[in-house]
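Asker: Using the sequences and the hints, build the whole thing.
Here the sequence shown is numbered in UniProt numbering, starting from 1 and rising by one per residue.
Hints are supplied without guarantee of correctness; some may be wrong.
Said to hold, decoys possible - Listed below are the simulated DMTMM-like cross-link pairs for lysine to aspartate or glutamate, each with C-alpha atoms no more than 20 Å apart in a straight line:
1) Lys39 with Asp69
2) Lys57 with Glu30
3) Lys57 with Asp69
As the list claims (entries may be wrong) - Pairwise CB distance ranges, derived in the manner of DEER restraints:
4) Ala183 with Lys57: 34 to 40 Å
5) Asp199 with Glu68: 34 to 40 Å
6) Asp189 with Pro94: 22 to 28 Å
7) Pro128 with Leu38: 17 to 23 Å
No lab work stands behind these hints, which were simulated from the structure alone. It should be emphasised that the depicted structure is a prediction, and the values quoted were computed from it without experimental measurement. Backbone N, C-alpha and C fix where the C-beta goes; we use that ideal spot for every residue, glycine too.
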Amino acid sequence: MYDARVSTRPDPSLSLAERKRQLVSDELTEAALQLLALKGFDGVTVDEIVAAAGVSKRTFFRYFASKEDVVVQFLADMGTDMRDALAGRPAGEPPAEALRHAVRVPVTTCAAHSERALRVVRLILGTPALLARFLERQDRWRDELAGELARRTGRDVAADLYPRLAAGTALTAFHVVLQRWSASETAPDPVALLDEAFDLVAPALDPGTPRA
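Answerer: Okay, structure coming up:
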């Protein structure tokens with residue numbers, strides 16, 4: 001979904017060796033995603049990925065166990081971005097708006113790199129093994145978003161249904177938007193689709209006055 005180069009955040013606290021490792025990981029991810037999106041999951045070998053990245057096969061396996069793991073790490077970074085975005089929203093902001101802005105982070109990056117991102121989205125949604133891992137990641141994102149939402153709203157994530165239901169609803173909107181975007185021949189603006197989706201679910205995400 002996003003461009004690996006755009007999502008990279010150099011951490012000034014990292015040592016030179018750690019920064020070098022991050023750079024190599026980013027280059028491998030970028031090379032792998034470009035090839036996988038162009039040729040399909042089964043049409044790309046690890047040898048082709050390392051050749052495109054300019055590293056050895058041994059180096060690849062120091063970072064990733066398989067082609068699939070490249071995409072899984074890419075998805076993990078996306079989830080971290082959504083969680084961080086939610087944590088950074090203003091304290092008094094309604095939950096629906098906070099979640100909309102959090103989910104908009106990866107969708108906005110998709111829109112900014114639409115041609116390449118669209119190929120990657122279609123790759124993930126159209127490859128059963130990758131789709132399964134994507135859905136597995138979404139379960140983790142739901143728990144992370146629910147925990148942050150519980151903190152923001154003063155709720156108990158273990159006892160209250162709301163945080164997980166709200167987080168799950170937001171991620172369902174995200175998934176449906178990606179499906180609609182990737183299936184359309186005209187490739188509509190995914191951010192506009194996301195706003196439309198959140199307009200529909202916002203009443204459920206912003207709980208009203210509790211009933212007696």
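Asker: For each hint given before, does the structure comply? Return the numbers of the non-compliant ones in rising order.
Answerer: none
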